[in-house]
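K.L.:
The chain contents come next:
Number of protein chains: 2
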Amino acid sequence: MAKRKLETCFSPALFEPATHSDSIIVVLDVLRASSAIVTAFANGAAEIIPVGEAEVAREYKNRGYLVAAERDGFVLDFADFGNSPFNFTKEKVEGKTIVYSTTNGTGIIGLASAGFMTAIGSFLNLTALSEWLIKSDRDVLLFCAGWKNKFNLEDTVCAGAIAQRLIESTLYSSICDSTWAAMDLWSLARPDINSYIEKAAQRTRLRDKNLDDCITFCLTSDFTKSIPVMKNGLLVENML
Amino acid sequence: MAKRKLETCFSPALFEPATHSDSIIVVLDVLRASSAIVTAFANGAAEIIPVGEAEVAREYKNRGYLVAAERDGFVLDFADFGNSPFNFTKEKVEGKTIVYSTTNGTGIIGLASAGFMTAIGSFLNLTALSEWLIKSDRDVLLFCAGWKNKFNLEDTVCAGAIAQRLIESTLYSSICDSTWAAMDLWSLARPDINSYIEKAAQRTRLRDKNLDDCITFCLTSDFTKSIPVMKNGLLVENML
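Listed in order, the protein sequences are those of chains A and B. Note that the working numbering has the first sequence beginning at 1, numbered continuously upward. Note that the working numbering has the second sequence beginning at 1, numbered continuously upward.
Heads up, some of the hints might be wrong.
[What the hints assert, rightly or not] Here are the computed lysine-lysine pairs in the DSS-like style, where the Cα-Cα straight-line distance is at most 27 Å: (1) B:150 - A:148; (2) B:150 - A:5; (3) B:61 - B:231; (4) B:61 - A:150.
None of these hints come from the bench; they were simulated from the model. Source: prediction; values computed, not measured.
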């Protein structure tokens, strides 16, 4: 039996939509958008409307929606809260529709719509997501959000952690150097992921803005079995 | 004293010319263009004219130049030889001007002209190049050619090998996740670089075309002290 294809993309600038139209595309923006989205569903959010433009998010706010919106780590003035997963508490999000706009994360979700299906990945749902992918009958692209089109370490090692599960299942193969590099970097990060991510540029950026309280949480594996997926323009809990 | 900046770019698609105008840009296309160029100068080539378009290379051939030109690993019909460093023997190249056009390598040399200076890097000139960079008073960008805009392992681990020398000199610092990833991958590859590169896609492509005889050579450190640099549109031996 032919194995399914596994590929990894390190940046939106490297994304080739036409080659992934039949793949499940897993969006990874570990610090912090994808971790926040996964946390929202773990805490019972009904659905998330991803929005690129801040002005569109503002219009939703004016119409009475709960809005999470940040740029470069800072909460936009009209928003209810920003991008930390700690904002998406059960008290705030359970049963709610949330409008969500971030610097990187929501733009990449739009790009990923070129695939067969979009799922949101993070360390927080690592095992559940990997097992779901393995059960699927689809090629997989691990799509790292990076930062302003740059490669980043935190999304890459998360891609490596997922890739390792998929390759070990023996149902997937990869001829993609990015996938092997991600798995190799994960092998170095795995023994102490918090120490490893100390050298990441985003670690420093968040510390400089006093926004780093959630990093250890974002690097924690298997907080939840939630797998957010896109359906009809909305992020919802996967019901496969 | 402020340290000099070291950055790494994994693909031409990620290159941001405006941010590197004061940097020495080191072009890395280990399998095989940059290894071939370094070998040509080690064997006494006078100068190399890098040419993007195959048709331009053909015109040079018609005017009597020695022409090395390949696409996807295969020698173009009008060319004297292709892209293997084994072609650039002393007998063929000593004292000669060579016109050179490859799939990836010569395009990226054009992009790199946005920097202060372009140098050609490879394992073959690893120590000489690193020491020359350390003696310079310049920021450095390690620019991996990749393959058709994709990340590749062989250029990345070579970038990591150079980066390690520069960081260890204590004259350079990096806030670039790509640099740290390259150094980490080099730490894994270093004990047995030939085995490590077995998983690289370009390794497989060259084997499939029976063009892999030169790979072990291309992965050999310090064959030469030659440092090819661009001057007035020509590659020449560095005379700094």
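K.L.:
Check the hint pairing residue 61 of chain B with residue 231 of chain B against an upper bound of 27 Å on the C-alpha distance.
P.N.:
Distance ~22 Å between residue 61 of chain B and residue 231 of chain B Cα, so the pair holds.
K.L.:
Measure nothing beyond the straight line between the CA atoms of residue 61 of chain B and residue 150 of chain A; if it is 27 Å or shorter, mark the hint as holding.
P.N.:
violated (40 Å)
K.L.:
Need the status of pair residue 150 of chain B, residue 148 of chain A: alpha-carbon distance at most 27 Å?
P.N.:
holds (18 Å)
K.L.:
Taking 27 Å as the top limit, are the C-alpha atoms of residue 150 of chain B and residue 5 of chain A close enough?
P.N.:
Since the Cα atoms of residue 150 of chain B and residue 5 of chain A sit roughly 16 Å apart, the hinted pair holds (cutoff 27 Å).
Going through the hint list in order, the structure does not satisfy hint 4, though it satisfies all others.
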